[in-house]
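Chain order of the listed sequences is Y and C. Residues 1 to 246 (my numbering) make up the first sequence, in order. Residues 247 to 579 (my numbering) make up the second sequence, in order.
Hint data in this document are derived by calculation from the structure and do not stem from the laboratory. Predicted, not measured: the structure shown is a model, and the values here were computed from it. Honestly, I wouldn't trust all of these hints.
Covered stretches of chain C (in silico footprint by chain Y; criterion: 3 or more residues with CB under 8 Å from a CB of chain Y, positions within the stretch not fixed) [what the hints assert, rightly or not]: (1) 339–348; (2) 360–366; (3) 399–410.
Ideal placement from N, C-alpha and C gives every residue a C-beta, glycine not left out.
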Amino acid sequence: MGTFLRFEVLRLVRNLRYVGITVGFPVVFYVLFLHNERPDAPIAGTTWNAYFMVSMASFGAMVSSLNAGGTRLAAERASGWARQLRITPLPGWSYASTKIASSMLIALPVISLVELAGLVVGGVHLQPGTWVLLTGVLWVSALPFATLGVLVGFVASSETAYPLVTALMFLLSFFGGLFTPVRYLPAALRRVAAFLPSYHHASIGWAVVAGRVPALADADALLVYALALALAVAWRHRVEESRAFV
Amino acid sequence: MSTFGGPTPPGPADGEPALRFCGVVHRYRTLVALDHLDLEVARGETVALLGPNGAGKSTAISILLGLQCPQEGWVSVLGTDPRTVMASGRVGAMLQTGGGSGLPHGVKVGELVAMTSRLYRRPAPVERTLQRAGLAQLADRHTQRLSGGQSQRVRFALAIAGDPELVFLDEPTVAMDVEGRRSFWAMMRGFAGEGRTVVFATHHLDEADAVADRIVVMRKGAVVANGAASAIKAAVPARRVRFVAADVDPARLRELDGVDAACVRGTEVVLDTLDADATVRALVGSGVPFSDIEVTGADLEQAFVALTSDLTDALTVDDAVDPLPRTRRGSVP
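Construct all of the structure, not just a fragment, from the sequences and the given hints.
Below is the structure:
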């Protein structure tokens with residue numbers, strides 16, 4: 001299992017297109033849109049530069065997971081590689097769980113790089129302990145994204161995976177308030193945000209940079225998402241295993 | 247001994263055949279893929295599974311690999327049930343990929359084979375696997391830069407990476423050119439020669455003839471012939487009657503007893519028949535002036551067509567030791 005995880009992470013890191021999208025998008029967006037507001041404009045108990053840094057770290061964790069799980073897993077199912085693995089002694093559950101684990105491993109440097117951009121370009125000043133705490137909570141709470149990516153990979157075909165991932169990325173980040181803070185969205189859309197993991201994920205980070213204790217409701221929502229998505233992955237995996245393959 | 251999807255199979259695990267099907271039935275909705283399939287392969291044998299599309303070859307292989315459970319009957323592989331034996335890593339397989347390469351991208355061939363090897367408890371050394379599959383020169387090549395034939399060889403390497411006792415190959419040379427097929431089978435024979443059991447499905451009759459110790463012909467989910475290629479050829483009543491005659495009407499020849507197909511090229515006439523005796527008698531009786539008559543046995547392709555054609559429902563050949571009563575073409579309504 002460790003062997004397979006190392007193999008998966010190696011393949012992800014080597015894929016330049018993947019690394020470009022995953023690391024490039026959130027960092028470039030941070031730098032581009034930082035000056036949509038004054039960096040020191042107050043927002044939600046913190047300043048815009050720190051607030052938007054959290055938004056983009058959240059976006060990065062989501063993008064890396066959806067691309068690692070969704071697009072690539074769907075392609076592997078189509079190519080026959082997923083089936084080849086099934087006839088090795090690798091336990092059946094470890095294919096999906098390794099995919100989730102490798103998405104999580106990639107999410108950590110992505111979050112860190114956006115934070116680095118916040119520090120260097122955005123001039124964000126936090127206590128060392130707050131940096132560590134922020135990185136930790138953003139990372140751990142990215143689990144629903146990693147699971148969602150793998151679910152997309154199991155549900156979509158190799159043709160539909162890419163558009164589906166793109167649509168999810170757009171919907172979750174826009175309606176979750178990652179580009180435009182939720183408070184500036186129309187009232188109807190603000191209610192939608194409360195149902196999205198992207199909003200709850202970023203909310204935890206926004207609380208940390210504002211020096212507040214994250215709301216239990218955010219953690220609960222993410223936990224429910226992670227569990228529900230993991231169950232859905234397990235169910236799709238069973239369907240796949242029992243499917244006639246000739 | 248554990249069982250798989252049915253009543254307890256008899257016999258001890260030691261000295262068990264490499265694989266055994268007993269009365270296996272498998273349906274996909276209304277389509278019967280396997281119809282009371284009985285089949286046994288001894289350890290160390292190389293067996294070819296032949297049959298038209300839909301004969302049940304791939305279903306049989308997927309059941310042996312534990313990817314599907316038989317709905318009736320039971321299956322044992324290396325003396326135990328398929329799922330247990332797959333988890334133990336004693337079986338390798340090369341499956342059909344439906345057009346995909348079957349390989350992950352973003353890795354070198356050597357890395358892929360090394361990773362796969364580490365999934366097994368007692369793998370063959372990676373160098374040895376690469377060498378067996380003819381990949382020693384390609385170890386540093388990225389998987390997305392391989393030709394079709396090279397990809398197939400990598401998939402063969404993955405199938406044997408765990409040093410398996412038993413290997414299944416489902417149409418391993420599909421989409422390979424002649425030279426690729428030749429070198430693939432040379433490689434395979436070397437591997438089988440080490441005392442391993444190899445079962446492969448193919449559409450290429452010449453491959454089955456040249457490589458396998460034994461050929462199993464399947465049709466509509468059951469075995470219709472089982473034996474050495476030469477025995478199957480001899481046991482199938484299909485014969486070829488050649489003679490020289492001027493101005494004959496092929497339509498009239500086709501009406502002669504037992505004739506399956508008639509071909510006239512200038513003065514040379516070739517009749518494929520399922521009953522050479524009756525055909526020759528009818529030919530004499532027809533008054534056609536002929537000379538240089540010659541009756542030859544069927545080649546494997548002719549035998550295969552005879553065995554799997556819808557016109558020969560009752561025709562079976564088992565081990566060819568005791569050929570079953572021949573079905574006369576004329577007796578089929």
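Evaluation of the provided hints:
no.: 1; hint: 339–348; in the structure: holds (count 8)
no.: 2; hint: 360–366; in the structure: holds (count 5)
no.: 3; hint: 399–410; in the structure: holds (count 3)
The structure is consistent with each of the numbered hints, conforming to all of them.
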